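Starting from the known structure of chain S, arrange chains R and V on it as the hints suggest.
Here are the chains, one letter per residue:
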Amino acid sequence: MLAESLALSAVLFTIGVVGVLTRRNAIILFMCVELMLNAVNLSFVALSKLYGATGQVFVIFVMTVAAAEAAVGLAIIIAIFRHRQTVHLDDINLLKG
Amino acid sequence: MHTDLSASGHPLGDTVAAFAWLILLLPLLGFVANGLLSLTAAAQPGPADPSAGHGHGDAHHGDAHAHDAHDTGHDHHPARHPAAKWVSLIGPGVLAAAFGLALATFLAMRGAGDAMHAPFVLTLFDWIPTGALQIPVALQLDPLSMVMVLIITGIGTLIHLFSVGYMQDDPGYPRYFAYLNLFVFFMLLLVLGASYPLMFIGWEGVGLCSYLLIGFWFTEEANANAGKKAFIVNRIGDFGFLVAMFLLFANLGTLSYTGVAAGAAGFEMGGALVTTICLFLFLGATGKSAQMPLYVWLPDAMAGPTPVSALIHAATMVTAGVYMIARSATLFSMAPAAQLTVAVVGALTAVFAATIGLKQWDIKKVLAYSTVSQLGYMFVGVGVGAYTAGVFHLMTHAFFKALLFLGSGSVIYAMHQAYHATHAHADAQDMRNMGGLRRFMPITSTLMWIATLAIGGIPPFSGFFSKDEILAAVFARTHHSTLAEATWLGLPGSVVLYAVYALGLAAALMTAVYMTRMMLYTFHGPNRTGTAEQGHLREAPWIMTGPLVVLGVLSAVGGFLNLPALVGGGMSEILHHWLEPVVGEGTLRVTLGEAAHLSHATEYALIGTAVAIAVGGIALAWTRLKPAELVPAAESPAEQGIERTLLNKWYVDEAYDRTVVQPTLGVSRTVLWKGLDAGIIDGLFVNGAGFLARGLGWLGSQLQTGRIGTYAWVLVLGAVSVLAGFSFR
Amino acid sequence: MDNTFHPLFYGFHFYLFGLIAIASAILFVTRKSPVAAALWLINVMFCLAVLYVMLDAQFIGAIQVLVYAGAIMVVFLFVVMLLNLGQPDDLADIRGTGPRLAAGAVGLAILAEVMVLARSRIQGEYAPAAAVELLVPAADAVGGVIAPVAGPLFREHLLAFELTSILLLAAIVGAVVIGKKQGPADAR
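Protein chains in written order, with our numbering: chain S, 16 to 112; chain R, 231 to 959; chain V, 1395 to 1582.
Chain S extracted, bound-state conformation (with noise of 0.2 Å):
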């Protein structure tokens, strides 16, 4: 089943890539990305198949990575919309120098 498993993570990820490309929603973004790191995350898995149990190893440091992105980043949006009560990206330009 690697090869399905594979394809299926493709697929998840380019879901996520047009997710991230099409929405405005600061939220929704981040999920996305998470779409993005369980479908990376279920390529581990199945290659661990192949290769040993250190691809589930890694699965378990991108859960905590993601973990810790989301508390920063959700933060970082309830603070953006403290400031501008909206979390619609096209209407966040702080990054502009």
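Hints are not guaranteed to be accurate.
Simulated pairs of lysine to any residue, SDA-like, Cα-Cα distance not exceeding 25 Å [what the hints assert, rightly or not]:
#	chain 1	residue 1	chain 2	residue 2
1	V	Lys1426	S	Ala94
2	V	Lys1426	R	Arg937
3	V	Lys1574	S	Ala94
4	V	Lys1575	S	Ala83
5	V	Lys1426	R	Gly939
6	V	Lys1575	S	Ala22
7	V	Lys1574	S	Val87
8	V	Lys1575	S	Phe76
9	V	Lys1426	S	His98
10	R	Lys856	R	Trp943
11	R	Lys315	R	Ile773
12	V	Lys1426	S	Leu21
13	V	Lys1426	S	Phe96
14	V	Lys1426	S	Ile93
15	V	Lys1426	S	Tyr66
16	V	Lys1575	S	Ala90
17	V	Lys1574	S	Met51
18	V	Lys1426	R	Thr761
19	V	Lys1574	S	Phe96
20	V	Lys1426	R	Ile938
21	V	Lys1574	S	Gln100
22	V	Lys1575	S	Arg99
23	V	Lys1575	S	Met51
Residues of chain S clear of chain R, computed beta-carbon distances all greater than 10 Å [claimed, not checked]:
#	residue
24	Ala41
25	Ala82
26	Ile93
27	Thr101
Worth flagging that the hints you see were computed from the coordinates, not collected in a lab.
Model, not experiment: these values are computed from the prediction.
Glycine is no exception: its CB is placed at the ideal position from the N, C-alpha and C atoms.
For chains R and V alone, coordinates are given in the frame of chain S:
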């Protein structure tokens, strides 16, 4: 200094000639020393020279107070440079030492005898060692360069000594001697270099020094402009010289004299290539030696101090073109058409300049046009393959023309001192303000008469022999020579040569006339300087008259260095035999392998004609011109008709101004400046680069939207392209 | 648990949950409401958890449910509701047709590229029949399903593990600092 005696097999290698580089080094050291000394006191450039500010009466008002202080004592000029004493020692000293060394080298060379058929090449160090182009800094000692070195250092020493007196009160005294020493260095490099590139360095160097010295009193715009004119006109000639060098290198692969001389025989006789090379070389010579059409800078060059006119613009630098053609004798003898061009241009220049000389009032201008005219003679000589005659005239001309210029300097000095003493502002160089100076300056007058007879062609003075030899050579070439058999612009060579001979005679006649006129107006008749000034007219100090006496002797007896076989007996043709190793081959080729021969009857007839013309010219001037009827410059009426045309030098400067200078300025202003420089360079390139950078920056800043959406797109597209790179590899 | 392997049964469920995951993901990116989107994403994660188990990574499957679907997505939903974003607002959240088509094209490009790369770079295929003898033992008597993961995690990757814990700590502190309401002292 590293002296690689590559010619160690040469007998000169063991003699003093191995130190020939010292001849070059001495003036250079003098330049450095004097240049440093000139920095020791604050420069006060200003016209303190007798001839400065002539024709610019207003210039005298500016420094009137300095003149007042000066009146208390002639020997303690307030503006005199503090280092003047040292400079007076160093400047002429290095020249005298160089002359001594040159003399020793000359004696060594005479001792070498027949060995001098091969030149002594002293390689000092590598200069341009690049692939096929190998140019070492090498000095070539052979009879021709020896003659030139002796002339340059010998006459240079005399003129340096004269300058000590003439320039003593100038605030720029050390600067003057620094330039003069530098000039001598470059001139020696020009004649001693063993290859065309080295000659070119000297060529450009003397051009620079000429520029610096013409504009020595640069605070007056006319002087500065004269310097610029000389520099720019010379560039045209330098272009020709450069092209000739490129052609030589492209076709022979070498630029050393020995290499070119060896390779020249490989050219097709009279072929287009060798003719082109020679014509380009001659273009270089017309610039430096003031031949038509590039002669216009030389009369203006008289803005410099008079000793400079004597050294650079009469005796040495302007003869560089003659030297160059004599040096390229083997090359020129392969190109009869180019030789005829040289002869015709020389003859035309000789006549043309002589006509202008007839009507000039400025004593230095007369001599300037006389120089142009005599240079034309030299080119006639080297043009018809009589290289010895050309170099002989170069030498005698250096004697008598240096004497004439220094004499005129002496006169101007006296005139200026006189006007100075009475605070008059008349022109110290205008002959209409002179007259009768014979009574006040007997030595100068006598010596200048000797020079006048020499230049006029009266035997047994030097100029007679050299001029006669050139004319005889032209006449001899009309039969049985490559030149007579060649055609020039469709004309048979012999016809051209007859015309050149006739022009030469005409120029000789006019030379006698205008020189006599100058002497008459300057030294004879009543004095027109002014009654108050007459009391202050006196002979120059001995430091100035001394060199004049030496030059007078040389002018008188210089001709004996190359007496014609007809009258010389055992003493005949010394110079001819001396130069034979260098130019003999070229001359022989022109004369079809045999020595030129004229029957004694013909030769006597030619001499008779020349003497008759010279005497006739002097007599004509003596009887027709009435110095007593002249009035001072300020009261003279304006000339009319042909006289006015001659006074205005045939309006050549005006014609050049209309046809060359103004169009050039116009094109420079509208096309080059406003179009090319302001439009394309500034607009397109400079501002364009700015706009481009700003535009690219704007584009880049547009990417920087600050919106995450954009960044996500950029990131994804980047990832896609990177993955594509991996996928399709 | 017996080790009998039923290829058809296994394959059917693998494809089933795979298709559900894809369908849920597509629904997730197309929902306007953030809450609906989050719920569909949770559905994707459940499906993935099932697949993990089927790929003999039972521990990962459990964590997927607990940490991802349970904790992280709850935080998301919590924030959505905290900010009162439950309703699709007037401002169009999804971009226009042009960007959508472009995004689709880019997505297809990435998909194709990943497929090509995976096909060319990853060699080998395990036969379903041999799956039980593979590197990761399905379960052993002593360590259960956790030991195969815990072994490398706490041996070879101990440093990374500890660093990750520091990262988590920093993220917690950062989230608190950023999310804290600014007091009057901080107000500018």
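Going through the hints against the structure:
1. V:Lys1426 - S:Ala94: Holds, at roughly 23 Å.
2. V:Lys1426 - R:Arg937: Between V:Lys1426 and R:Arg937 the Cα gap is close to 21 Å, so the pair holds against 25 Å.
3. V:Lys1574 - S:Ala94: holds, 8 Å
4. V:Lys1575 - S:Ala83: OK: V:Lys1575 and S:Ala83 at ~20 Å, within 25 Å.
5. V:Lys1426 - R:Gly939: holds, 18 Å
6. V:Lys1575 - S:Ala22: violated, 45 Å
7. V:Lys1574 - S:Val87: holds, 12 Å
8. V:Lys1575 - S:Phe76: violated, 31 Å
9. V:Lys1426 - S:His98: holds, 24 Å
10. R:Lys856 - R:Trp943: Status violated; Cα separation ~103 Å.
11. R:Lys315 - R:Ile773: Distance ~14 Å between R:Lys315 and R:Ile773 Cα, so the pair holds.
12. V:Lys1426 - S:Leu21: violated, 29 Å
13. V:Lys1426 - S:Phe96: This hinted pair holds, its Cα atoms lying about 19 Å apart.
14. V:Lys1426 - S:Ile93: Holds, at about 20 Å.
15. V:Lys1426 - S:Tyr66: Outside the cut-off at roughly 40 Å; violated.
16. V:Lys1575 - S:Ala90: holds, 11 Å
17. V:Lys1574 - S:Met51: violated, 29 Å
18. V:Lys1426 - R:Thr761: The given pair, whose Cα atoms are some 119 Å apart, is violated under the 25 Å limit.
19. V:Lys1574 - S:Phe96: This hinted pair holds, its Cα atoms lying about 13 Å apart.
20. V:Lys1426 - R:Ile938: holds, 19 Å
21. V:Lys1574 - S:Gln100: At roughly 16 Å apart (the allowed maximum being 25 Å), S:Gln100 and V:Lys1574 satisfy the hint.
22. V:Lys1575 - S:Arg99: The hint holds at about 14 Å.
23. V:Lys1575 - S:Met51: Roughly 31 Å separates the two Cα atoms, so the pair is violated.
24. Ala41: About 8 Å separates S:Ala41 from the closest Cβ of chain R, which leaves it inside 10 Å; violated.
25. Ala82: holds, 21 Å
26. Ile93: Holds: least Cβ distance 17 Å, greater than 10 Å.
27. Thr101: holds, 13 Å
Against the hints set out earlier in the document, violations occur for numbers 6, 8, 10, 12, 15, 17, 18, 23 and 24.
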